[in-house]
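First to last, the sequence lines map onto chains A and B. Taking this note's numbering, I'd label the letters of the first sequence as residues 18 to 129. Taking this note's numbering, I'd label the letters of the second sequence as residues 5 to 119.
It should be emphasised that the hints constitute simulated quantities derived from the structure, not laboratory data. Treat the hints with care, since some could be wrong.
Listed next, the in silico SDA-like pairs over lysine to any residue satisfying Cα-Cα at most 25 angstroms (straight line) [what the hints assert, rightly or not]:
id, chain 1, residue 1, chain 2, residue 2
1, B, Lys48, A, Asp101
2, B, Lys48, A, Asp34
3, A, Lys73, A, Pro129
4, B, Lys55, A, Ile67
5, A, Lys59, B, Glu107
6, B, Lys48, A, Gly58
7, B, Lys75, B, Arg18
8, A, Lys59, B, Arg82
9, A, Lys59, B, Glu67
10, B, Lys48, A, Ile67
11, A, Lys59, B, Ala6
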Amino acid sequence: GESVGLHLPTLSVQEGDNSIINCAYSNSASDYFIWYKQESGKGPQFIIDIRSNMDKRQGQRVTVLLNKTVKHLSLQIAATQPGDSAVYFCAENRGGSYIPTFGRGTSLIVHP
Amino acid sequence: NAGVMQNPRHLVRRRGQEARLRCSPMKGHSHVYWYRQLPEEGLKFMVYLQKENIIDESGMPKERFSAEFPKEGPSILRIQQVVRGDSAAYFCASSPGLAESYEQYFGPGTRLTVT
């Protein structure tokens, strides 16, 4: 399944499917991007990051893709599990700034 | 190795009272950030502090809100004369402040309810 944008859409998938969460960032000067996972009642948790000199980075079951031409970032989660259910936020840092700008998030619901 | 700690986790205040939110960064971290989150929204930056210094408070309302990070002790976000619109979750994050390292570690948040 796929979800687009910064509006807090909801993405529902079945356990075992691959999930794709998209994010359109706004600032062409941003050079560092992070995906966070936030479970209900908890603080955001770092998942994976990518710098603007890369277009792909892989972690454990997660991959982040960066397309600077269209200012688009995506998070791919392989073999989605019920424990992956959460709100996912992308965040961008403008060059040299320690302060990230967060998108609104996408709610991922994984059905067993 | 304890993560970022925030207390209280839940805080209820009547309109006009003061709210004090505390944040203890991860061990070895000298940079603290405060964010505010409304339901179903992303985090909005409020203030960025280093020990004894406010580096950037561009996201902080000009009135009633203040923040500090003293040499000893936790960082404090203080909201005076709270109003219903201050009800939100307030998150603190910390980072080591290393050059070219932007990863932040978040605490569990303080949920403020103003009645």
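Verification of the hints:
1. B:Lys48 <-> A:Asp101: holds (24 angstroms)
2. B:Lys48 <-> A:Asp34: Distance ~32 angstroms between lysine 48 of chain B and aspartate 34 of chain A Cα, so the pair is violated.
3. A:Lys73 <-> A:Pro129: Status violated; Cα separation ~29 angstroms.
4. B:Lys55 <-> A:Ile67: violated (28 angstroms)
5. A:Lys59 <-> B:Glu107: holds (18 angstroms)
6. B:Lys48 <-> A:Gly58: holds (17 angstroms)
7. B:Lys75 <-> B:Arg18: Roughly 31 angstroms separates the two Cα atoms, so the pair is violated.
8. A:Lys59 <-> B:Arg82: holds (21 angstroms)
9. A:Lys59 <-> B:Glu67: violated (28 angstroms)
10. B:Lys48 <-> A:Ile67: holds (21 angstroms)
11. A:Lys59 <-> B:Ala6: holds (16 angstroms)
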